[in-house]
Amino acid sequence: MRDSVLDGGSFRPRDESNDSSGIPPLALPALDSPKWQSTSAAFALGVKSALSSILALVLFGTFIGVGAFAHDTGFTLGWAVASTVLVWAGPAQIILISTSHAGATLLESALAVTISAIRLLPMVVTVLPMVRTPRTRMHQLALPAHLTAITVWVESFRLLPHVPRERRIAFMNGLGGGLVLLSSIATMIGYGLAANLPPLLAAGILALTPLTFLLTTARNSHRLVDRLALALGLALYPLVQLLHTGVDIMICGVTAGTIAFGVHRWRKRA
Amino acid sequence: MTGFFGDGHAIALLLFAGFLSNEVWRVLGLVIGGGIDEGSEFLVWVRAVATAILAGVIAQILISPPGALATVPDVVRYAAAAVGFAVYLSARKSVFAGVVAGEIVVLGGKWWMG
Numbered sequence: 001m002r003d004s005v006l007d008g009g010s011f012r013p014r015d016e017s018n019d020s021s022g023i024p025p026l027a028l029p030a031l032d033s034p035k036w037q038s039t040s041a042a043f044a045l046g047v048k049s050a051l052s053s054i055l056a057l058v059l060f061g062t063f064i065g066v067g068a069f070a071h072d073t074g075f076t077l078g079w080a081v082a083s084t085v086l087v088w089a090g091p092a093q094i095i096l097i098s099t100s101h102a103g104a105t106l107l108e109s110a111l112a113v114t115i116s117a118i119r120l121l122p123m124v125v126t127v128l129p130m131v132r133t134p135r136t137r138m139h140q141l142a143l144p145a146h147l148t149a150i151t152v153w154v155e156s157f158r159l160l161p162h163v164p165r166e167r168r169i170a171f172m173n174g175l176g177g178g179l180v181l182l183s184s185i186a187t188m189i190g191y192g193l194a195a196n197l198p199p200l201l202a203a204g205i206l207a208l209t210p211l212t213f214l215l216t217t218a219r220n221s222h223r224l225v226d227r228l229a230l231a232l233g234l235a236l237y238p239l240v241q242l243l244h245t246g247v248d249i250m251i252c253g254v255t256a257g258t259i260a261f262g263v264h265r266w267r268k269r270a
Numbered sequence: 001m002t003g004f005f006g007d008g009h010a011i012a013l014l015l016f017a018g019f020l021s022n023e024v025w026r027v028l029g030l031v032i033g034g035g036i037d038e039g040s041e042f043l044v045w046v047r048a049v050a051t052a053i054l055a056g057v058i059a060q061i062l063i064s065p066p067g068a069l070a071t072v073p074d075v076v077r078y079a080a081a082a083v084g085f086a087v088y089l090s091a092r093k094s095v096f097a098g099v100v101a102g103e104i105v106v107l108g109g110k111w112w113m114g
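Those protein sequence lines, which keep their order, are chains A and B.
Take the first sequence: its position 37, counted from the start at 1, is 37 in the working numbering, and no numbers get skipped.
Take the second sequence: its position 74, counted from the start at 1, is 74 in the working numbering, and no numbers get skipped.
To be clear, the hints were calculated from the coordinates, so they are not data collected in a lab.
Please read these numbers as outputs of a predicted model, since none were measured by experiment.
Even for Gly, the Cβ is constructed at its ideal location relative to N, Cα and C.
Check each hint, because a few of them may be wrong.
Here are the computed lysine-lysine pairs in the DSS-like style, where the Cα-Cα straight-line distance is at most 30 Å [said to hold, decoys possible]: (1) K93(B) - K35(A); (2) K48(A) - K35(A); (3) K93(B) - K268(A).
Computed beta-carbon distance windows for the label pairs [to be verified]: (4) Q37(A) - V27(B): 28 to 34 Å; (5) P199(A) - K93(B): 31 to 37 Å; (6) P198(A) - K93(B): 29 to 35 Å; (7) V27(B) - P161(A): 24 to 30 Å; (8) P29(A) - L20(B): 35 to 41 Å; (9) F16(B) - D32(A): 44 to 50 Å; (10) A91(B) - P161(A): 53 to 59 Å; (11) P238(A) - W112(B): 21 to 27 Å.
Now the stretches of chain A that chain B is said to cover, found in silico as 3 or more residues with beta-carbon under 8 Å [to be verified]: (12) 41-51; (13) 54-65; (14) 98-108; (15) 115-124; (16) 128-141; (17) 154-162; (18) 176-185.
Throw the hints in and build the complete structure from the sequences for me.
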């Protein structure tokens with residue numbers, strides 16, 4: 001599995017493939033190929049890249065889990081798919097569903113979602129300059145910005161250098177749109193499986209959510225500060241939930257994250 | 001009244017707590033464009049807190065799981081997470097291997113004990 005996510009302080013995806021060779025990845029045509037002449041062709045190549053990405057497999061499993069999770073917490077199928085399309089961030093969807101299911105108010109859920117979503121800002125800020133041209137209008141960047149989430153961001157950094165600049169918006173829309181479509185289908189499948197499988201297998205589908213999120217978060221944590229935040233968050237929640245504050249997740253997240261950050265600062269100074 | 005997207009509360013939850021609360025950071029990124037220091041210590045803190053919030057939610061799902069997962073004995077759920085993580089580490093950080101191992105524990109454990 002390619003291990004290319006937030007790496008170190010530079011906030012750039014780490015790509016272990018050898019991109020310095022200049023050879024386009026997978027089946028992308030050369031930069032001067034006539035296949036890049038139309039925006040619709042570039043869009044189609046984006047969709048194709050999305051479906052052939054190794055990360056699409058992990059995404060598929062994750063969203064089967066999200067769909068199943070939404071079913072067992074009492075949301076409708078339409079709600080589950082709409083959350084994948086509109087929110088388009090697995091962690092935010094799981095935080096939304098889990099906190100709400102645990103009895104948080106609308107405002108408490110919103111607070112937990114928005115704090116965890118701040119990490120999207122630097123992703124958008126770093127990816128948009130790669131697709132922008134001097135003639136690009138702001139509204140053309142609205143869709144690429146919405147599509148930006150960890151997988152699209154990582155794949156954009158890997159693939160966009162092999163796409164002619166004036167076709168990059170169409171390509172990224174295809175890439176992100178393809179992954180949203182795939183994830184929406186996975187959400188429906190997960191929802192349907194949770195609704196129809198016998199209890200043993202339904203439990204297995206539901207278990208996908210904690211497992212995929214635990215392991216992808218661990219994989220995305222390259223630095224000590226992130227690993228520490230993950231470990232402390234897991235360890236602190238069982239204690240914080242005993243307080244029944246309604247904002248347990250927030251207290252746990254801000255405390256564990258800040259302690260991890262404190263250790264990071266202290267180590268830097270030492 | 002429950003429609004296609006659920007009742008009024010579910011729709012408000014999706015649009016306000018889900019969509020708007022999440023999307024605001026993408027829109028802000030679009031509007032401010034460049035000019036943020038990508039390696040800043042503030043962003044290190046943001047990422048640590050975001051990671052810890054997600055860790056808390058994972059713990060929440062393991063401790064008080066919804067629906068079908070609640071029929072799996074507590075010890076089996078915790079063991080599945082621990083085994084999944086151990087296999088992930090020993091299989092050169094393969095998410096796939098870790099998830100498969102965790103699933104085997106859940107299914108086997110529920111079958112034996114459940």
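Flag every earlier hint the structure violates by its number, smallest first. 1, 10, 12, 17, 18
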